[in-house]
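**Student:** Just so you know, the sequences run in chain order A, B and C. Letter by letter, the first sequence follows residues -5 to 217 of this note's numbering. Letter by letter, the second sequence follows residues 51 to 591 of this note's numbering. Letter by letter, the third sequence follows residues 70 to 403 of this note's numbering.
Simulated from the structure, these hints should not be mistaken for laboratory data. Predicted model, so just to flag it, every value in this text is computed and none were measured. Backbone N, C-alpha and C fix where the C-beta goes; we use that ideal spot for every residue, glycine too. Certain hints may be false.
Rough simulated footprint, nothing fancy, chain C against chain A, three-plus residues with beta-carbon under 8 Å [claimed, not checked]:
1. 49 to 61
2. 135 to 143
Ranges between beta-carbon positions, derived for each pair [what the hints assert, rightly or not]:
3. C:Ala136 <-> A:Ile167: 49 to 59 Å
4. A:Arg9 <-> B:Trp241: 18 to 28 Å
5. C:Lys238 <-> B:Leu114: 31 to 41 Å
6. A:Gly136 <-> B:Pro506: 46 to 56 Å
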Amino acid sequence: MAEQAHAHAESLALREQFNTAEQQKESSTFGMWVFLVTEVMFFGGLFLAYTIYRNTYPTVFGMASTSLNAVIGALNTAVLLCSSFTMVLAVRASQLGKRKAIVIFLILTLLLGMVFLGVKAYEWNEKFVEHHIPGAHFHFEGMAEQGPAQLFFTLYFVMTGLHALHMVVGVGILSWLLYHAARGRFTAEYMTPVDIAGLYWHFVDIIWIFLFPLLYLIDRHMK
Amino acid sequence: MNTAAIEQRENYLNAGYGLKSWLLTKDHKRIAILYLITVTIFFFIGGIFASLIRIELLTPQGDLVSSETYNKLFTMHGIAMIFFFLIPSIPATLGNFFLPMMIGARDLAFPRVNLLSWYLLVIGGAFALFAMLAGGVDTGWTFYTPYSTTYSNTWVIATALGIFVSGFSSILTGLNFIVTVHRMRAPGMTWFRMPLFVWANYATAVIQVLGTPVVAVTIVLLFCERAFHIGIFDPALGGDPVLFQHMFWFYSHPAVYIMVLPAMGVISEIISVFSRKPIFGYHFVAFSSMAIAVIGFLVWGHHLFVSTQSVYAGLVFSFLSYFVAIPSAVKVFNWTATLYKGSISFATPMLYAFGFIGLFTIGGLTGLFVASLGFDVHVTDTYFVVAHFHYVMVGGTIMAFLGGLHYWWPKMTGRMYPENWAKLSAAIIFVGFNLTFFPQFILGYLGMPRRYHVYPDEFQVLHVLSTAGASILAIGYLFPMFYFMWSLRYGEVASANPWGATGLEWAMPSPPPVHNFDEIPVVTHEAYDYSTVVGEGVEVG
Amino acid sequence: MKLPLFPESASNFAPDVDHLLYYLVAVSVFFTVVIFAAIFYFAIRYRRRSENELPEPIHASLALEIAWSVIPFGLTMIMFGWGANIFFKESRPPQNAMQVYVVAKQWMWKLQHMEGQREINELHIPVGRPVKLTMTSEDAIHSFFVPAFRTKQDVVPGRYSTTWFTATKPGKYHLFCAEYCGTKHSGMTGWIYAMEPQDYQAWLSGGRAFGSLAENGEKLFQDLACGNCHKVDGSGRCPSLAGLFGRSVQLADGRYVTADEAYLRESILQPNAKIVAGYQPLMPTFQGLVTEEGVLQLIEYIKSLSPQPAAGAGTTPAEINVNPGAATPALSNR
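Bound conformation, chain A alone (with noise of 0.2 Å):
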């Protein structure tokens, strides 16, 4: 019975291009997995540049990731794992058909995103004012050659950076999810966009787990 209902109401969606919605579904989340796929090297080629040059410029990275704040860096990555769970408490909620359950969890896990936005803005908004962002205003204190620490904030900015326009593409799609939700269109037959939806956000937040010790923790223990 609860399976007659699950494929009526995922075949209610069912594109034409599929003869189930069990291969709708499947087809849907291996698309997913594949996309994070073509995430992770796209990441994967800044992880490189940066692997490499850290190898080349050990101290100067270490001096430069120091003066970057770790605290507020660890509270970001508090406020992102705590999206990720809240997250799953939203695909829990559709897997069990509780609307008003889904939209509250997508709703927390929306202010947590944008917290952690926020609070990146003030970072950049720190380093502006400290004349770290590189480019023809660039000095960072106490060094002969600023090549290698504008390396390390190159680096920094375009990862943070990029890292944080998948946050916000992230946003918009949980906002779409939230338009949805509210309005009912996900059951426990048919949750499949909040299950993706789901594989995203937490992909962005691995990376961000990744991102955190690389740029802000080098050589902590020296200061």
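Place chains B and C on chain A using the hints.
**Tutor:** Quick look at chains B and C alone, frame taken from chain A:
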């Protein structure tokens, strides 16, 4: 058969008229046609640049165009041909059209993503075209730093942006194909019953998905450096110009397999049909596609042998480059063995297949030359390399593309192309191609460098031969443009299976209906089982 | 009508590379002929004779697959080994090689001999003596390519790259830039003049005296006041440079590096990249204050502060007398 009756039957071409029905289509067959038009346009743009290059090189002096212009010509020739023609070509046209049918599906897994892919190619192409018309770009298609970031005064960013966007077209096509092959096969269509063309496109899709994001992020870094003057690759600021080369080639080497694997898939189909036998060593050919995809990611450093890369890295990359050659050789041997005791037809697609095997063999063998460290030191960055890659890309991929177009033309359009004109064109292309590019091997070993606008006198005779060949080749390429167009109106009406081929695409009318299958088939036969088609009195080539 | 089909063979590497070429061509011709012949033969012998013929499907043969994988692999391993061998030799210049410095810039080659001779787009070298080029670029990446020698090496800004060869035949050979570098890339060409040893000595002695590289380096050292910190006896705030070149140096982070040309260049242009153990990061950067040629001169000066054998036996001494009758160093004739 009554022509009028044929054209009244509903198919994907006449189901809905008007621009909107095409530009907002979700049908993989229409999207394939949209792609076909787009890549053909870029092929001719790239071809015009090539013609200008070859005309300039008739004389040792730079008398046709200035050096600045010449440098833009070879750059834009490379960019148009690689990113906007070769990489999309077979997968996005023939792959899009036939992959779903071949596995018994009604469409790809994500039709709207498929349409988005096409738009991304068009948008990327528009950026690149804008750059070409606004003044051009002169960095070489390889964009080496610091020339591209610091010293070039041309439209680098616009072009790079165009390539970046078109990269996502490639990624999404790959993603779509992977999910489709995994999840949308009809009942009974096991992995090892799939046509080899599907295997080839699947392997290609894996490369697209894993490799393209790396060049995308490389372009992001290039953009940042050029736009904001920060020194990721700038040595004056502690950056590493050779790091760019590593990141660039990490994608661009697998990219050449994106260009050649689908071509090999086409050849497998054609050789089988026109010998009326299953491909010899089916499993080996299928696995060789996967092997090429995987090992292809491990050889990028063979483009950096003289770049100041370490000697030990050079050794590893040289060794692995020989490793990746073996699966290609295996395919060539298996195709040849398929002909043994076959029933060989000389229809145009088969002529292109023979041409492919010959030219790809030569091109591939010369790959072994350049994979050898001591040899490559001499010939890298010379015309030897230019000859090598044109043999595999043009003698290989383009021949296969044309062969595939001719093979599947009746299915796609419901019309036959004129066989005699087609055979003539194939012969002209083969002769023109060899005359254009074989002298370049000699030029390269003599020491003629790449990307040279002017050159020493003693190289002129070989250049004149090459340009003569290019003129013949150009004529050879123009003929199909005309007779394919002609066939749409005046060509003989095609039956469902004019070649006596196996494969689900031939089990439906020509042109196919919108949803491919009324009922999803249940597959019970192995691939290439000709006992299921011969004996029905089908008319063949 | 000039129609050369094969390049001149004028270096110690050329015969090796040409023999490798013959092997590659032989294997390629063999397989090309076999494939072409097989296709030709099968296509004709098994051509379709009737529309309904249905050949027997022949699926596979493991033995064949293994054979035509393993045998070609073996043949390619010979290609690999042979090429690798040549490459290794090319990466190991002999100790007694004659040193020439090359600075590439858009769009010319600037070459400096140890004795001070400067050349633009030309390089005069003696036949029979190994010549080692240490090269860098002032702008884009270039590549030093001499087809007759079969050698090529990219010239990269921000670092030194080296190549070496021994000319075996007197003559005039093309020098090409082989890495696209902008507008006049195809104009960045020149000539290598390989001369009989006595002609080379004559050439070396002719022309105005430039002062050797090391002499110019010493002058620059004084102009830039390097000696204020780098005192000869090591009593200054910075390490002494006497005997430094070629020695192993311990850095502040515990690593050991060899004080070679690249280390010296980095120390001048990016002094804080590597701090010597026991010293403070006090040295200012000279980026922008000294050209690449200047750096090479300083390096040659610092080299001259080391005992000669460390720099390689038979290196031309820092100063020569302009005297046609002077004794010339013994040259090995190939």
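**Student:** A separate judgement is required for each hint: does it hold in the structure or not?
**Tutor:** Going through the hints against the structure:
Residue count for the segment 49 to 61 of chain A with a Cβ under 8 Å from a Cβ of chain C: 4. That meets the three needed, and the coverage hint holds. Coverage of the segment 135 to 143 of chain A by chain C holds [criterion: at least 3 residues with CB-CB distance below 8 Å; count 5]. Separation of Ala136 of chain C from Ile167 of chain A is about 55 Å and conforms to the stated range, judged on CB atoms against 49 to 59 Å. Take Arg9 of chain A and Trp241 of chain B: their Cβ atoms lie about 24 Å apart, and the range 18 to 28 Å holds.
A C-beta distance of roughly 37 Å is found between Lys238 of chain C and Leu114 of chain B, which places it inside the suggested range of 31 to 41 Å. At about 54 Å, the beta-carbon gap between Gly136 of chain A and Pro506 of chain B stays in the expected band of 46 to 56 Å.
Every hint, counting from the list given before, is met by this structure.
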